[in-house]
Amino acid sequence: ANKSSLERHHLFPKHYLEKLGIDQEKLRNQVANYAYVEWNDNIDISDKSPQEYLPSYSHRYPLEEIEKMYYWHALPKNWETLEYKEFLQNRRQLMAKVIRDAFEKL
Numbered sequence: 084a085n086k087s088s089l090e091r092h093h094l095f096p097k098h099y100l101e102k103l104g105i106d107q108e109k110l111r112n113q114v115a116n117y118a119y120v121e122w123n124d125n126i127d128i129s130d131k132s133p134q135e136y137l138p139s140y141s142h143r144y145p146l147e148e149i150e151k152m153y154y155w156h157a158l159p160k161n162w163e164t165l166e167y168k169e170f171l172q173n174r175r176q177l178m179a180k181v182i183r184d185a186f187e188k189l
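As numbered in the working numbering, residues 84 to 189 make up the sequence shown, in order.
Taking lysine to aspartate or glutamate and the EDC-like style, the derived pairs with C-alpha atoms no more than 16 Å apart in a straight line are:
| id | residue 1 | residue 2 |
| --- | --- | --- |
| 1 | 160 | 147 |
| 2 | 160 | 150 |
| 3 | 97 | 135 |
| 4 | 97 | 130 |
| 5 | 97 | 108 |
| 6 | 131 | 166 |
| 7 | 131 | 101 |
| 8 | 102 | 130 |
| 9 | 168 | 106 |
| 10 | 102 | 166 |
| 11 | 102 | 135 |
| 12 | 168 | 101 |
| 13 | 131 | 163 |
| 14 | 97 | 127 |
| 15 | 97 | 166 |
| 16 | 97 | 163 |
| 17 | 168 | 108 |
| 18 | 160 | 148 |
Distance windows between CB atoms, simulated:
| id | residue 1 | residue 2 | range |
| --- | --- | --- | --- |
| 19 | 154 | 132 | 22 to 28 Å |
| 20 | 156 | 105 | 20 to 26 Å |
| 21 | 122 | 168 | 25 to 31 Å |
| 22 | 188 | 107 | 33 to 39 Å |
| 23 | 107 | 142 | 32 to 38 Å |
| 24 | 151 | 108 | 29 to 35 Å |
| 25 | 164 | 143 | 17 to 23 Å |
| 26 | 187 | 130 | 37 to 43 Å |
| 27 | 107 | 150 | 32 to 38 Å |
| 28 | 112 | 160 | 22 to 28 Å |
| 29 | 180 | 108 | 24 to 30 Å |
| 30 | 164 | 188 | 28 to 34 Å |
| 31 | 188 | 103 | 37 to 43 Å |
Hint data in this document are derived by calculation from the structure and do not stem from the laboratory.
For each residue, glycine too, the CB sits at the ideal point set by N, CA and C.
Could you put together the complete structure from these sequences and hints?
Structure follows, in structure tokens:
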């Protein structure tokens with residue numbers, strides 16, 4: 084079967100959240116919990132916690148590039164250590180800021 088090079092990834096994987104007792108699909112599948120990643124990275128991440136998988140991907144980029152990615156992807160600082168609901172709240176606010184900043188450039 085043909086596989087897309089990019090897949091929608093849960094930053095806090097669904098099965099990881101289930102282990103934490105977050106079993107409501109609506110809560111797990113929040114837009115603020117999604118990001119696109121290459122399919123092979125998505126498979127490697129599987130159901131690992133963000134604290135577990137993020138370090139192995141962060142080393143790919145210089146700090147300056149990571150800071151830009153965190154802004155454009157609306158990721159709160161130290162997002163991988165946040166409680167899930169706090170992460171969602173913070174990311175939603177940052178997503179709105181990125182959209183507002185882009186709109187102001189128009």
